[in-house]
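Residues per chain are reported as follows:
Protein chains: 2
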Amino acid sequence: MPQVVVDVVLKPEISDPQGQAVLGALGRLGHSGVRSVRQGKHFVLEVDGDPDEAELREIAETLLANPVIEDVELHLPTD
Amino acid sequence: MPQVVVDVVLKPEISDPQGQAVLGALGRLGHSGVRSVRQGKHFVLEVDGDPDEAELREIAETLLANPVIEDVELHLPTD
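These protein sequence lines are chains A and B, in that order. Using UniProt numbering, the letters of the first sequence correspond one by one to residues 1 to 79. Using UniProt numbering, the letters of the second sequence correspond one by one to residues 1 to 79.
Hints were generated in silico from the structure; no laboratory data involved. One thing to keep in mind: the hints can contain errors.
[To be verified] Dumping the calculated DSS-like pairs for lysine-lysine here, alpha-carbon to alpha-carbon at most 27 Å:
id : chain 1 : residue 1 : chain 2 : residue 2
1  : B       : K41       : A       : K11
2  : A       : K41       : B       : K41
3  : B       : K11       : A       : K41
4  : A       : K41       : A       : K11
5  : B       : K41       : B       : K11
Please work from the sequences and hints to get the whole structure.
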């Protein structure tokens, strides 16, 4: 069954306290090579038949993300 | 600056109530073509210089995920 990945990420201008917390912990653990961390949501949807991009984008932007503060990245199966 | 994506997903055998909730809502909204939904975490790390895969996998498996119930997918920059 085709899998569609939807990644929901905070818009760049929105502060990301969770990402900041991870970044701080990385520094304390000696991982100094990481400059920034942004945390978002990762959805894997199994769909019937050929994925309908328009419908999936509508699902992503209305149900999976808050378009005011989040951007959506749709990854359709490449095969 | 190189970006590394880390996706953290629940192991298949672990139940996913959040994903189930989304699936239920999709059905009620008339999106019947979606068979399953799994929700996870999506991290975007900006790193200095060439990403060190071993270090990044250690970061992912110790700080970003709970290896008992979660699997990690590392996406290194392809350029």
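Q. When you check the alpha-carbon spacing of K41 (chain A) and K11 (chain A), does it fall within 27 Å?
A. Holds, at roughly 13 Å.
* Take a quick look at whether K41 (chain B) and K11 (chain A) sit within 27 Å of each other, Cα to Cα. => Between K41 (chain B) and K11 (chain A) the Cα gap is close to 16 Å, so the pair holds against 27 Å.
Practice prompt. Quickly compare the C-alpha distance for K11 (chain B) and K41 (chain A) to 27 Å and report which way the hint goes.
Written response: Distance of about 16 Å is within 27 Å: holds.
Q. Hey, K41 (chain B) versus K11 (chain B), does the alpha-carbon distance stay inside 27 Å?
A. OK: K41 (chain B) and K11 (chain B) at ~13 Å, within 27 Å.
**Prompt:** Between K41 (chain A) and K41 (chain B), does the CA-CA distance stay at or below 27 Å?
**Reply:** Holds, because 5 Å separates the two Cα atoms, which is no more than 27 Å.
The earlier numbered hints are all upheld by this structure, with none contradicted.
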